[in-house]
Structures are given as structure tokens and as C-alpha cells.
Amino acid sequence: MASISEVLEAANCIGLVAFALSGVFKGINAKLDLLGVSILGFLTALGGGIVRDILVNSVPKALTGISDITTTALGIFLALLLYKVFRKDITGTKPVKIIDAAGLSAFSVTGFLVGAQSGLNGFGIVLLGVITGTGGGLISELLTGKVPSVLKEDFYASCSLIGGILFLITYGKFSTEVSTGITFVTILTLRLTAILKGWRLPRFGLYEERD
Amino acid sequence: MASISEVLEAANCIGLVAFALSGVFKGINAKLDLLGVSILGFLTALGGGIVRDILVNSVPKALTGISDITTTALGIFLALLLYKVFRKDITGTKPVKIIDAAGLSAFSVTGFLVGAQSGLNGFGIVLLGVITGTGGGLISELLTGKVPSVLKEDFYASCSLIGGILFLITYGKFSTEVSTGITFVTILTLRLTAILKGWRLPRFGLYEERD
Amino acid sequence: MASISEVLEAANCIGLVAFALSGVFKGINAKLDLLGVSILGFLTALGGGIVRDILVNSVPKALTGISDITTTALGIFLALLLYKVFRKDITGTKPVKIIDAAGLSAFSVTGFLVGAQSGLNGFGIVLLGVITGTGGGLISELLTGKVPSVLKEDFYASCSLIGGILFLITYGKFSTEVSTGITFVTILTLRLTAILKGWRLPRFGLYEERD
Chain A
1 MASISEVLEA
11 ANCIGLVAFA
21 LSGVFKGINA
31 KLDLLGVSIL
41 GFLTALGGGI
51 VRDILVNSVP
61 KALTGISDIT
71 TTALGIFLAL
81 LLYKVFRKDI
91 TGTKPVKIID
101 AAGLSAFSVT
111 GFLVGAQSGL
121 NGFGIVLLGV
131 ITGTGGGLIS
141 ELLTGKVPSV
151 LKEDFYASCS
161 LIGGILFLIT
171 YGKFSTEVST
181 GITFVTILTL
191 RLTAILKGWR
201 LPRFGLYEER
211 D
Chain B
1 MASISEVLEA
11 ANCIGLVAFA
21 LSGVFKGINA
31 KLDLLGVSIL
41 GFLTALGGGI
51 VRDILVNSVP
61 KALTGISDIT
71 TTALGIFLAL
81 LLYKVFRKDI
91 TGTKPVKIID
101 AAGLSAFSVT
111 GFLVGAQSGL
121 NGFGIVLLGV
131 ITGTGGGLIS
141 ELLTGKVPSV
151 LKEDFYASCS
161 LIGGILFLIT
171 YGKFSTEVST
181 GITFVTILTL
191 RLTAILKGWR
201 LPRFGLYEER
211 D
Chain C
1 MASISEVLEA
11 ANCIGLVAFA
21 LSGVFKGINA
31 KLDLLGVSIL
41 GFLTALGGGI
51 VRDILVNSVP
61 KALTGISDIT
71 TTALGIFLAL
81 LLYKVFRKDI
91 TGTKPVKIID
101 AAGLSAFSVT
111 GFLVGAQSGL
121 NGFGIVLLGV
131 ITGTGGGLIS
141 ELLTGKVPSV
151 LKEDFYASCS
161 LIGGILFLIT
171 YGKFSTEVST
181 GITFVTILTL
191 RLTAILKGWR
201 LPRFGLYEER
211 D
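Protein chains in written order, with the working numbering: chain A, 1 to 211; chain B, 1 to 211; chain C, 1 to 211.
No lab work stands behind these hints, which were simulated from the structure alone.
Incorrect hints may have been included.
Reference excerpt, derived from the structure (chain A facing chain C, CB under 7 Å, subset only) [said to hold, decoys possible]:
id: 1; residue: Lys-31
id: 2; residue: Gly-36
id: 3; residue: Leu-168
id: 4; residue: Ile-169
Glycine included, each C-beta is placed from N, C-alpha and C at the ideal position.
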């Protein structure tokens, strides 16, 4: 049977492709040029991890290793191909959302682990995972002049957050394998359920408008 | 009598609460969901210090220590409570502006000190303090799609800037206690006067419009 | 004859002035106040280098050294003077675009060199140069609520990108002098040609609109 670290690695690859795809289509929607679209693909896939590494004071792995870059480049190429074929934004479709969920889960868990190994406090650990999982998307929406969707809609960062709290509870008590495994499965299950059921958090507004 | 470092610490706490409050209401105004509102509270209170620590190449204190996080969480909780009770944005009121001024002053001074102790040049020291004092607010406005108010209105960052120049002049000449004390009092006085008198800087415009 | 490092240093100075100028006029266009305009000048000139240094985990040179700051301050002063005299945005004129091209080339090459010396992978090296060359402009456009022009128009970051690939091919094979020299001249030639010929990259759009 596959070990949890193998599962995480696979989910990480899937996530890079899904995030690159999402970045490319965000760029196309914003009418960026070819370079802008590619940059958005790279930043969406790798931005969360880069910010994570900056926060724990190390040179971003995405800039030193080779595998994440290659996978992301493939994802961007695939996205441009899909755009040529379908001529429409496929990021809202269920298959893409499902592979995106794998990425969110794997990225979050990696962030929690890096945080715990860097001696952060509980808040820092959870924050690092949430940033790793959602930071890339946030950066790309910021660059295209949007209020990051992660802040205002959908049950997305919340899955990562709940996973983080579970990680805090289990890490140290159980083996790292078990703790990361439970966290990964929980985030994935939460996110997939949220996609199916259309969960979202309560929203605020100073005046009771419909929008 | 309280030492200057005790005063600074108290002002820092007050500032975290004021900044968290301001972040929460910015989030509510932007119709974010519960998580988005909380994230904005955290980023407004802690973002300036996080950027400061990244710039001098250390792991952000907010992610390793425990006290700032706890105070900020209390501030967010208080803000949500105040929102439930008053149902309106209280960040424009004088009491909130005054406790915010305490935060601006304490955060700025902390930034100047960290800059001086990290061997930055004069520009770097002043910049670090201004970023510590105003960076959190800037990040939260950026995330909600606004041009940071610190860049275009009010006599706010200017107080921090003037304090920084005073710090440069006094640091090394007098004891750290005296130098930080004078700087803190000056920023606070400037900001409180600016609130009372409605000071602002000259603005530019390529065409002489009224706005 | 001047060595390549002397040429680079001169181009770097010219670039700081050009970038500061561009930042100041972006700030004036966005109706910022005096402080905001100055901050935008500093960030446009120094922001790319600051992000570069953060990425390779060192304290930004702009905050420790003295020469870049001074040159940038002069550039800001010059820009405010030019604004007083001409009362219009001169950043779109050919002379400014040409000195800006010198900056883009010098900044990019510096970034490639820092990347190579920090042990980044090829992607990281190219990215570091592109960020050094275009990051300051991107930050200032982000702060004034615009979608960064580098992502959507003009043949600008592309010059840096092509230079980066050339640098990857030549670095290590030839002396650093030759490699950086060829790269610098290539970026400069590409950018100047792009200005003259009005080159741009293909743009995408999900619906075939005219804009």
C-alpha cells in the first residue's frame, strides 16, 4: 500500500496542475498577454509555497528544486491546450474543482508540517498551512484586480483551517504519518462535501443589501 | 513610575486591539465572510510586524510568540461583539482613532528599534518603522481592492515618518529609553493633533479637478 | 574602456532615476498625497531589488547600503521638479522610455547574477531577474489599484525573460563579464526595438471583444 507521504506527493502534483490551470484561466479572463497568463499560472501554483518559505526564513523550494517547476510548466501547457480546444473557462467544472481539492489538501498539510518543524506557535502553524493552500490563488486574484474569493465566498480556506486545528491536536500525539494522514483526508472530505452541498460561511454587511 | 518599555508594551497591546478592530470593520464593509473578516483582523494587526521581520530576515515574531496573537484574537472577538451591538462602523469615531494612534506610535517605535539593531541604514530604519506602523492597514486595504488610504489622505504615515527622523537624530546620542520615549511621545502628539485639527498633506493631480 | 561592471553600475543608476520618475508620476496620476507619491517613487525604484533579496533570504541591500537610496531620492526630487515645470505626465515620452530600458536591462542582469550566485535553479534565476527588473513597477501599480501593465501589455518583461534564457545558456560557459555583457546588450536592444516598433505579445480573451 502507498505510504501517506507518497499519497501527499501525488496530491501535491495534482494540485500544482490544478492550480496552474486555475491561474492560466484567471489570466485569460483578465485578458492578460501570453507572458502574463504564464506568470499567473506559475504564481497560482507556486506562490503559496513561496510565501510559506519566506515566512519561515528559507529560500523558496520552488526556486531551488526542479520537480515543482516542471509539473507547473506542464500544467500551464495543458491549460493553454484546453483553452485552444474548448475556448471556455473550465475552472468552474466539477472535475477541475475536485483535482483542485486534492491540491488544497496536500498544500495545506505540507504547510502545517513545515510550520511545526520550524518551531512556530499553533497560530503560525495553521496560518502557514492556510497560506500554502490558498496563497497562490490569492496572489493571482490580487494581481488581476479582484478581491480574493478566498476571503469572501465558498467553504474553501475554512477546510484548510479546520484541518490545521486537527493537525495541532494530533501532531506530536500520534506519528507524523497518522497525523498528516488524518488531516489530509479531513480537508479533502470537507472540501469535496462543500463542493457537492454548496456550503459557505455566513457573510457580513453593514446594511442588509442583496447583491 | 512605569518605564518607557512598559509604556511601549501597553501601547502595543492597545494598538493590536485597535488595528484588529479596524481590520474587522474593513472586512465587514467589503462584505467578506466570517473567515475573511477574521483574516483581515489578524493581517491588519500583525501584517506590519510580519513584513518588518521578513525584511530583516527573521521568522516573524507573531508566528512564534504567543502574546500578540492572543491580544489580536481578543480584539477580533471584541470587534465582532461591537458589530453585533451597534450594527455600524465605529472605526471613524474619535475613541477608536485615539487608541489607533497609540498603536501607530508603538508599532513605529518598535520598527525603528528593530531596524537600528539590524544594522540598516537611516532610510531602512525609518522605512521599517513606517511599515510596522502602517503595513497592516495597507495590506488589508489592498486585499479589499482599495488604494491604501495611507498613500493618499490624512496625516498618518507622516507622523511615523517624522518620528523616524527624530529617532535617527536621537538614537545613539541618548540612551535607548530616552530616544524611544521622545519618539513615541512625538508620534502620538502629532497624530492626536492631526485627528483634532484634520491635518492632511498637499495632494497632486495632473488636472486641477475638485473631488 | 569601461568594464562591463562599470557599464552595469551606470545603467543601474540611470534605471533608479527612471523608475523613481515613473513611480512619482504613477502616484500623481492616482492623486496620492506628497508622502504617497514619494513612497511610490521609492517602491518603484527599489521594490524589485527588495523582493529579490527577500527571495534569496538576505536583508535587502536597499535598506543597508547608501548609494541606491541617494540616487532614488534624487530621482524623486527630479520628478517633482519636472512635474512643477511641465505639469504633465512625461513617462510616456521616448527619452524616459529609453532611460527606463537601461534600468530594466541592468536590474534584470543583477537579478540573474544574484540568482546564479544563490544556487537557484534555472527557473529561479530567470524569475529573480524578471522580478528585479519589473517588480517595482508591478508593486506600484498594485498599490494604485491597477492590473500590472507588465502582465497584459507591451513587450517589456519578455525582454528580461529572453535575456534570462540567454544568461542561463552563457553563464558558466563564458566568463561572468562576457555572459552578463551579452545579456545586458540583448535586453537593451530588444526593449529599444520594442519601443520603436510597438511590439506586443498575443493576448487572450474568452470572448472575441474589441477593447
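How the hints compare with the structure:
no., hint, result
1, Lys-31, "holds, 5 Å"
2, Gly-36, "holds, 3 Å"
3, Leu-168, "violated, 27 Å"
4, Ile-169, "violated, 32 Å"
The earlier numbered hints that this structure contradicts are 3 and 4.
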